[in-house]
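Trainee: Single-letter residue listing:
Number of protein chains: 2
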Amino acid sequence: MASSSTAAPEYGVEPLRLNVSRDFCAFIAGFKAEDLPDAVVHESRRGVLDWIGCALAGSRHPTIPKLLAAMGALGSAGRASVIAHDLKLGHIEAAIVNGQIGHVLDYDDTHMDGVVLHTSSPVLAALLSVAESGSFSGLDLVAAYAAGFEAGVRVGKASPGHHDGGWHLTGTLGTIAAGVAVGRMLGLDAARLTYALGIAATQAAGMQQNRGTMSKSFHAGKAASNGVLAGFLAREGVDSSDEIIEGKRGFSRTFSSGSKPEALLDGLGRDWQILRNGYKPYACGIVVHPLIDGMIALRRRGGIDPARIERVEITVNPAAVRITGVAEPKTGLQSKFSIYHSAAVSFLDGDAGIAQYSDARALAPEVVELRRKVRVSIDEGFRRDEARVAVVDAGGRHEAHVEHAGGTVDNPMSDAALEDKFLANAEMAVGGARAREIAETVWRLERLPDVRELLRLCS
Amino acid sequence: MASSSTAAPEYGVEPLRLNVSRDFCAFIAGFKAEDLPDAVVHESRRGVLDWIGCALAGSRHPTIPKLLAAMGALGSAGRASVIAHDLKLGHIEAAIVNGQIGHVLDYDDTHMDGVVLHTSSPVLAALLSVAESGSFSGLDLVAAYAAGFEAGVRVGKASPGHHDGGWHLTGTLGTIAAGVAVGRMLGLDAARLTYALGIAATQAAGMQQNRGTMSKSFHAGKAASNGVLAGFLAREGVDSSDEIIEGKRGFSRTFSSGSKPEALLDGLGRDWQILRNGYKPYACGIVVHPLIDGMIALRRRGGIDPARIERVEITVNPAAVRITGVAEPKTGLQSKFSIYHSAAVSFLDGDAGIAQYSDARALAPEVVELRRKVRVSIDEGFRRDEARVAVVDAGGRHEAHVEHAGGTVDNPMSDAALEDKFLANAEMAVGGARAREIAETVWRLERLPDVRELLRLCS
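Protein chains in written order, with my numbering: chain B, 792 to 1250; chain X, 792 to 1250.
Misleading hints may appear alongside valid ones.
Where chains are identical, the list cannot tell them apart; a pair therefore holds if satisfied intra-copy or between any two copies.
What the hints assert, rightly or not - Mimicking DSBU-like on lysine-lysine, the simulated pairs with C-alpha atoms at most 35 angstroms apart in a straight line are:
1) LYS1051 - LYS1121
2) LYS1051 - LYS879
3) LYS1164 - LYS823
4) LYS1039 - LYS1164
5) LYS1051 - LYS857
6) LYS1164 - LYS1051
7) LYS1039 - LYS823
8) LYS1164 - LYS879
9) LYS1039 - LYS879
10) LYS1039 - LYS948
Just so you know, the hints here were simulated from the structure itself, not pulled from any lab data.
So that you can see chain B by itself, here it is in the shape it has in the complex (with noise of 0.2 angstroms):
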């Protein structure tokens, strides 16, 4: 029984369409790095330098050799550096792995308008590989970085609901973010950057399920290559849908319950996504941020014996629990998303660094024992930078109520504060004089005449 007829449609009528993803790459390709308003090309320095601190420290991660003896045994051979080794590597390959270098701490920097994304991994890893397949200036790669924020933050927000999808936004807004990013750096024109962005958005993947296991920072770095490659074929005229964001099958449709297509140009040239990043004065997921200032707050008033707490009460946005609720972490990976681990090792340590979710610290009896006495309360009305905690012990229940985690953008962290993140982190890997010639290099990165220049200091 035929329920149904179609034919071709009338010719020579084309439906009105609004062509957002094609109307925002003609913006990408198009803009002047050199008009870039001074607080975009200020904000892409702090991005930078960093990332290149969470990458120098995250190098000498135990995830990191069984990366590259793939790599060896991938036999992948080229010009491109690997952060803090003396080695290189395909373009390719070498995005792969920088990108999972700088996110395998959870470290680096977050945007949360809207989403939730670690930008300068994808990012700053896919440019960092292209930059070695020619002569590229500082200020071609602030414009490239900026266009990435533009990318990822917005596609995110044409998609609502994608985060709750059970997608890694770093692995699906990241390969986003670095396609258009390499594809503004390598000087694309509006056609062909449309392409790139058709071609990340369908390699766009990485799942939420692999938290706490060595492919959540493995998003990150096929991020980047996804990126690095979607420039290069795009550049070559390898072509995609012109409508991959808003297309009926697009992203927005097949990746989130929500559409908004609206979101990729809205404010487009005014409102700067970047001059919305956030970065991490502490070493693991950031929604736990606002309850680490709490704890270490009241550790700093004084006056309490860990061995007598009877207990700890937390209250949170719902989103922590739901990314942080690892009641008894393993691993120094899993214990970066244990809200329980986060509040008892910040109190007992009095800091949320590296150190604090090693694998040694994951297992210690002491921390063991205080974050099984924490508990969790959930919050609807607060937001994801806000946390209450109390600690009750035979002398009563003492509490903090933090506003806005340190690090956000309603409590941002000086350039001061993140040049001392930047020199304790890349003090590890490359020692302080180096450390602090890069910081500098990076402080004035605009006037760069070749990125080359940076990476031989972080080789």
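Using the hints, position chain X against chain B.
Mentor: Only chain X this time, still in chain B's reference frame:
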């Protein structure tokens, strides 16, 4: 206002769970190649033969030079051969190129049992790339190839609704199939094969939005390279979730509206998925094959003057219109997804091979004139391999009903027909003598001491 409260669960109590990903991988890692049923071995030979033919023919497609130019710019060099080229690339890059070469004509095998999956392009491009990283026998290849079908098709069945979600399954399930196949070829144990599955699944990507563009066949190549990467990383101990398919934020729930994890294990080791593979007599989307059979049958009956046809009436399963509804294809690639073009060109030419899906044929005036007379009706009761066609002219109404399209499981291509297709495809790239030599080699694939012998014949 605290709306709910969560606490760490009791210690030592693990919820009972069905760990299908782990159990599936234990089987795949453990089965003995020498115990494979003869039918599986023979279907492997058929699949490999058909795919190599498609790849040899595809190696001359105008998309491929663009792809190779990008690989050149990426500075890729290594040990892995590009089919029908005198060129070696890195394993990752060769997998991309060979996968795209295999799928670019849309002429490659298609599994239609609960999925629509071009399994061989991702799986064989991955395995042949890996074959040059060491010494692997033809029987190793057969076992890994069969393993790829198990993974790709079963994960698809475990995720009902996946195809309706906008995904291109050759990209998504193809990545999973390739990752498991490579893991089996590398001889990973059950635990590491579970990582390979996890690392593959978390890279799964590819959107139907890119149908009709060069990105569609790129999905197959990218899936192959994702699989290579998954296998090599897992071998080094890069870990992942061990419940990537059935987990709360795993593949089935993220990529599908439904989850049926038991499909991974039902009949495993008895019902080999490769036995339900299908081969394409025509170089286009498989859902239009039954109507092409019908149009060619009407032409053969004779007595119809194409210039005097008033209209063509086609009745098909709804999927045909959803997937191949392009009314006015402008390129050969687009015409592969046009039910209108397929009906017209197959009647005019008496075939629907590579020549019928060229740019020239997509724009030929007599094809355009006839395709504008095609009217399509949907019948929900029709199977995907079924169609009714009718041509109406002054002489009346000429009808044909196709129960099962040729090349499908219920109307399979014979070994002889498959070899004819192979020889026609292969001769274009390597000439008749070499084509016959390849065929003879593949018909004794399971006795081949080293797969590199086969690769040498194809390059």
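Trainee: State for each hint whether it applies.
Mentor: Outcome of the hint check:
1. Taking the closest pair of Cα atoms, LYS1051 and LYS1121 come within 35 angstroms of each other only across two copies (30 angstroms); inside a single copy the shortest separation is 40 angstroms, beyond that limit.
2. In this assembly of identical chains, LYS1051 and LYS879 lie within 35 angstroms of each other by CA distance neither inside one copy nor across copies; the values are 42 angstroms within and 45 angstroms between.
3. In the homo-oligomer, the alpha carbons of LYS1164 and LYS823 never lie at most 35 angstroms apart, since the shortest distance is 55 angstroms inside one protomer and 50 angstroms across protomers.
4. Proximity of LYS1039 to LYS1164 under the C-alpha cut-off of 35 angstroms is restricted to the inter-copy arrangement: shortest distance 27 angstroms between copies versus 50 angstroms within a copy.
5. In this homomeric assembly, LYS1051 and LYS857 come within 35 angstroms of each other (Cα to Cα) only across copies, at 34 angstroms, whereas the closest approach inside a single copy is 41 angstroms.
6. Proximity of LYS1164 to LYS1051 under the C-alpha cut-off of 35 angstroms is found in neither arrangement, the shortest distances being 43 angstroms within a copy and 38 angstroms between copies.
7. Taking the shortest alpha-carbon separations for LYS1039 and LYS823, only the intra-copy value of 32 angstroms comes in at or below 35 angstroms, while the best inter-copy value is 45 angstroms.
8. In this assembly of identical chains, the alpha carbons of LYS1164 and LYS879 never lie at most 35 angstroms apart, being 48 angstroms within a copy and 59 angstroms across copies at closest.
9. For the homomeric pair LYS1039 and LYS879, neither the shortest alpha-carbon distance inside one copy (42 angstroms) nor that between copies (39 angstroms) is at most 35 angstroms.
10. When the C-alpha separation of LYS1039 and LYS948 is checked against a cutoff of 35 angstroms, the pair qualifies both within a copy, at 17 angstroms, and between copies, at 24 angstroms.
The earlier numbered hints that this structure contradicts are 2, 3, 6, 8, 9.
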